[in-house]
Structure formats: C-alpha cells, structure tokens
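Read off the chains here:
2 protein chains.
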Amino acid sequence: MNEHEILKAIRAKQPVCRTPRIVLGIGDDAAIYRPRSGEDLVFTTDMMHEGRHFLPDYPPDAVGWKALARSLSDLAAMGARPQFALLSLALGPGVGAEWVEGVAQGFASLAARSHTVLAGGDLSRAGHSCLEVMACGSVPKGCALRRDGARPGDRIFVSGRLGGGQLGLERPDMPGARQRHLRPQPRLLLGELLRTRGLVSSMMDLSDGLSIDLERLLLASGVAARLSGRLPRYPGATEQQALHGGDDYELLFTVGPGRSVPHSLAGTRLTHIGDVASGSPGQITFRGDALRAQGWDHFRDAS
Amino acid sequence: MNEHEILKAIRAKQPVCRTPRIVLGIGDDAAIYRPRSGEDLVFTTDMMHEGRHFLPDYPPDAVGWKALARSLSDLAAMGARPQFALLSLALGPGVGAEWVEGVAQGFASLAARSHTVLAGGDLSRAGHSCLEVMACGSVPKGCALRRDGARPGDRIFVSGRLGGGQLGLERPDMPGARQRHLRPQPRLLLGELLRTRGLVSSMMDLSDGLSIDLERLLLASGVAARLSGRLPRYPGATEQQALHGGDDYELLFTVGPGRSVPHSLAGTRLTHIGDVASGSPGQITFRGDALRAQGWDHFRDAS
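Sequence order for the protein chains is G and F.
Everything in the first sequence is counted per the working numbering, starting at 494 for the first residue and increasing by one.
Everything in the second sequence is counted per the working numbering, starting at 494 for the first residue and increasing by one.
Hints are computed from structural coordinates only; laboratory data are not their basis.
Warning: the hint list may mix true and false statements.
For identical chains, the list gives no copy identity; a pair is met inside one copy or between any two copies.
[As the list claims (entries may be wrong)] No farther apart than 20 Å at their CA atoms in a straight line, the calculated lysine to any residue pairs in the SDA-like style are these:
no., residue 1, residue 2
1, Lys-634, Gly-691
2, Lys-634, Pro-665
3, Lys-501, Gly-715
4, Lys-634, Ala-502
5, Lys-634, Arg-514
6, Lys-634, Gly-531
7, Lys-501, Thr-731
8, Lys-501, Leu-712
9, Lys-501, Ala-713
10, Lys-501, Gly-518
11, Lys-501, Pro-774
12, Lys-501, Glu-591
13, Lys-634, Ser-530
14, Lys-501, Gly-775
15, Lys-634, Ile-519
16, Lys-634, Leu-720
17, Lys-634, Arg-529
18, Lys-634, Arg-527
On a predicted model such as this, the values are computed, not experimentally measured, just so you know.
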C-alpha cells in the first residue's frame, strides 16, 4: 500500500457525515472548522503505542475504536459534544492493508455513533505502530466542566462500575470485561446531561485509575477527600482493581450540597462514593485510612 | 522524572503568553479555546518518530523546534495565524530529564516567536521517542488558502531556495544547510501576506519535496504543470535535491493571470518556476520531459 491507497482505505470506511462546520476535510495541508457564535471549543489529544497501550494480537478494529474512545472520553469529561477528530497513524513493520482497514473500521464505528467527523491527520511508518487522536468538541460559552471546582462539603460520584477495564486486561477469557478493555464506551451523553442539569462542581474521566485520577482532581481543586467503602465494582473485579485499575472511562464528578442526583442518568448508574473535605490537597482517606494513589502513571517506574 | 515533574519541566520553558482565547490550558482533561466571531479555524497534526524523522544524536532543542515547525508550516500554507498547539510526547528508553528539557526549550523558542500557546497534550513512555504536534490557526471566514484552486494559465511560484533541507540531512558538516534541516523556519508571515494581498489561487507547503508536493497540488486542482529549468537552489544543493528533496518548508503557490507578484515578500525571495497547464491531472513536465514525482512518500518502499 502506498500513502494514497492507505488514505483511500481509511476514507472509504468513514461514515458519510456532512456538516457545514467542516469547511474542508481530509486532503489539504490542514482541515478548516467554522465555529458557531457563542461556543467554546474543547481540545484533547491521546497517543497509543503498540506494546504499551495495545498488543500486536489485539483486533485492529478494537485498536481504532479505543484510540478515538480515549479522546472522546476526555470530551465527555468536559461536558462537550464531539465535532471532529484528526487521526495520526504510524505503521510498524509487518503491518499491512488488513490492519489499516480494521483500524479504520473500528474508528469509523465509534465516529458514526458519536457524530465525530474525521477531518484530517498524518500517516507515516515507524519502528512500531502508533495512533494519536486529537478530538475537538463544543460547549456553550463558559459552560465546560473542569477539574478545579470541587469544594469541601461536595459529594463525590462515579458513573457505572469500576475495575472492569483492568480485569479485562488481565483476563482475556472474560468476554464482558475484555470488551470493556478493548472497546470502552465514552460517556458522552451522560457528560452532556450532567452539564445541562447544572449539577456538577468538577468532573474528569477515569482513564488511569480512581485513586490517581481522584488525586489529580483534588490537587486541581486544592481539596482532600474521604471515600466510603462502597465502590460500585464491575462483576468479578477486585477492590484493588476498582480503586487502582485503569481503562474504565467512567466519569468522576462532584456535586454541591443540597443538589439531588438521580440514581441513574442516560442509562448509567451514578454512585455516591465519598465526600470532598478540607485538608492537605490531594489527600484521600479510604475507610478512615490514608490511600496512596496507585493508578497508571506512565513514569512511575522510570528514572 | 515522574509525569508531574516532566509536565513541570515543559511548562517552565514556555513563554508567558496570556490570551483570553485560551480559556483553559494545560492540566485538565482538555484545553478550551474561545473562537472570535467571523473566524475559521485551521487544524493540522504531524508526527515525528525517532529513527525516522530524527536521530538520537540530534540536539533535543532542534527536535522540539522542528516538531512545532512542521505543523506551523501547514498553517502558513493555509495563510493562517497560529493560535495554539497541543504536544504529545512519548519518551523512549534511555531518555531523561535533559532531553525533555531540551525538547521543551526548542518548542518554546519557536512558540514564542510565532505567538503559539502550548495549551495541552499527552505524555507517555514507548519503545522509541515520538512527538506529535497538533496546531490550530485562524483566518478570516472563508479566506483560507487551499490546494485545489490552481487553473490552467496560472503561474507557479516558490518562496526561498530549494534543496537545503535535503542537503543538510546528507551533509551534517555544512552548517547553513544543517540548520535548515534541523530548525526549519515556517513561512508564517509570508503565508499571511500572500493571503491578505489576494494574489494566490492555490497554496501548500513543501515538506516532502517539490515534485511530489506539486503533484499533490495539481491532483487536488485537477490540472497539469510545466516547470521551466530555473529552480532557485540552495547554495550547494544539486538539481535533484531541489526537485525531490524534503524538509524545505517553503511555500508553493499559484497566481492567476494578470496579477503582479513582487520579487520578494516578508524578506523572502519569490521565484516563478513554471505554469499551470491543462492536461492529465498531476502530470509535470520539466524542460519538456515528463517528471516523475520522487519526493518523500513514507510508503513508497513498503508492501
């Protein structure tokens, strides 16, 4: 396959999705997006490396799906609606047409469901395969949900159930958990509903694990937290997996006092797992004991 | 270095550059940009892999500079003004604090000169080092310069001199050419001036080589071209390097009949190198003979 053929294969899989906002898509030096008046645009980018974030034997459509899902999950965490994405694809040695088509297919499936237009990207060869997705979403001006708004007295919630992503990584034989690991579902509708209902004082997505991600939210807000013992666990997941496992892509958010939170929203269960407290920023207590953040820090073991 | 320390090192190098358009920068799930009314936004992304686009012995500040320069050159080619960038950085084994600081320094130098705000990104470890820069620029609504507007009878121009990027790759002992290879200068001011003067019918940047990039412009416009023998060559560069060498980051553009083009603009020489012709789309003749596009196609030698 040459560059032209690869591009053609990727484009052929994409849903027909015309919007006057994408003035110019794939094929020029850059893509052109025409903003609406009164909107803020939200930008995120995520890289996935073979051998690090996925393995050569993963189904290629899962690799394409997950590359987009990781970025869309960040948009969900801001309460944003996806607009478009750029995909950079580096092909490792031994990767051919079938793999590219599978990746394009997986990317396109999620793009179609989430109304995300593939507007451009970059193609190259490298020592190992690598994908990078930049996604852009929109919110009404001033309405994006951030990490830095949690205040003592707020309650802490998570969507869905935790630990399934990690369980699926460790146990390829458990189909449900494996699907969660391979094809995570970004909580886009939930993120938008939480924004429009005005319930949320801070929000982020859980990609690296509850303990490390919660620590990040607390540090950004300058507060501490007490977690109760009641974590909603994915069936079969251990408490350690629920506390520290990555790849769940659920939403973690805080709600101010006196606001009522439904038990579920957008078909997703919402669980009160603890409370924001004053104290040393970033400190977490779990059943009364200090909890050390142990999620996925890419550099924890590095020099 | 852990993730927090790496982020801190990168942020410390960035110029203080406050703009009300970047509502939220580094540190949340996503960055927030507030568009002006009446502007189109232009998006481009470029990946650089160790061993492919740079070597381990390259000065790290050149690697950071070039990663941003490649994307800014695409913005220049649209006639856009840079607004912000996202940087994804994957660190290979053996890469430490000094390399990260050097990359951040090089990126920051060009960011300061081009008024580009580093608004976010992604950090990871991988089997080899890799950088990806997504850059966003703005143009007045409907004014971006595209590849697809060349018409028979238009004249073809290039900025600057060609072949220096390739010469600098092949000859590390030639300081001037080496600088062009390591620290290319995106033609941002020239791109904006060409847009505001309304001279240009199509434009792109030269990153992979004149012959292959011109072929792409011609294919997008559905036209052919005749090149004269007069290519502006970088001192010491061969005609082959000027025709097919990559990494020049000059602008290639076409101008409609009857419009006068200055000999230089923004301190950069502009040279009439040929003319757009009707004929088989993408076909190039050079001194009367058919010219085969031979620039840098990442996949030319791949299966």
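Results for each hint:
For the identical chains of this complex, Lys-634 and Gly-691 are intra-copy neighbours only, at 14 Å inside a copy versus 33 Å across copies, given an alpha-carbon limit of 20 Å. In this assembly of identical chains, the alpha carbons of Lys-634 and Pro-665 never lie at most 20 Å apart, being 43 Å within a copy and 50 Å across copies at closest. Taking the shortest alpha-carbon separations for Lys-501 and Gly-715, only the inter-copy value of 18 Å comes in at or below 20 Å, while the best intra-copy value is 49 Å. Within a single copy, Lys-634 and Ala-502 get their C-alpha atoms no closer than 37 Å, and across copies no closer than 31 Å, so neither meets the 20 Å cut-off.
Proximity of Lys-634 to Arg-514 under the C-alpha cut-off of 20 Å is found in both arrangements, the shortest distances being 17 Å within a copy and 11 Å between copies. Taking CA atoms no more than 20 Å apart as the test, Lys-634 paired with Gly-531 passes in both settings, with 5 Å inside one copy and 16 Å between copies. For the homomeric pair Lys-501 and Thr-731, neither the shortest alpha-carbon distance inside one copy (45 Å) nor that between copies (34 Å) is at most 20 Å. For the identical chains of this complex, Lys-501 and Leu-712 are inter-copy neighbours only, at 14 Å across copies versus 45 Å inside a copy, given an alpha-carbon limit of 20 Å.
Taking identical chains as interchangeable, the C-alpha atoms of Lys-501 and Ala-713 lie at most 20 Å apart only when they sit on different chains, with a minimum of 14 Å there against 43 Å within one chain. In the homo-oligomer, the alpha carbons of Lys-501 and Gly-518 lie at most 20 Å apart inside one protomer (13 Å), although the nearest pairing across protomers, at 35 Å, exceeds that limit. For the homomeric pair Lys-501 and Pro-774, the shortest alpha-carbon distance between copies (18 Å) is at most 20 Å, but the shortest distance inside one copy (50 Å) is not. Only within a single protomer do Lys-501 and Glu-591 lie at most 20 Å apart by alpha-carbon distance; the minimum there is 13 Å, versus 41 Å between protomers.
In this assembly of identical chains, Lys-634 and Ser-530 lie within 20 Å of each other by CA distance both inside one copy and across copies; the values are 9 Å within and 12 Å between. Within a single copy, Lys-501 and Gly-775 get their C-alpha atoms only as close as 48 Å, which misses the 20 Å cut-off; across copies the closest is 17 Å, which meets it. For the identical chains of this complex, Lys-634 and Ile-519 are inter-copy neighbours only, at 19 Å across copies versus 28 Å inside a copy, given an alpha-carbon limit of 20 Å. For the homomeric pair Lys-634 and Leu-720, neither the shortest alpha-carbon distance inside one copy (33 Å) nor that between copies (50 Å) is at most 20 Å.
Within a single copy, Lys-634 and Arg-529 get their C-alpha atoms as close as 10 Å, and across copies as close as 12 Å, so both meet the 20 Å cut-off. In this homomeric assembly, Lys-634 and Arg-527 come within 20 Å of each other (Cα to Cα) both inside a single copy, at 15 Å, and across copies, at 8 Å.
Hint compliance for this structure: hints 2, 4, 7 and 16 are not met, and every other hint is.
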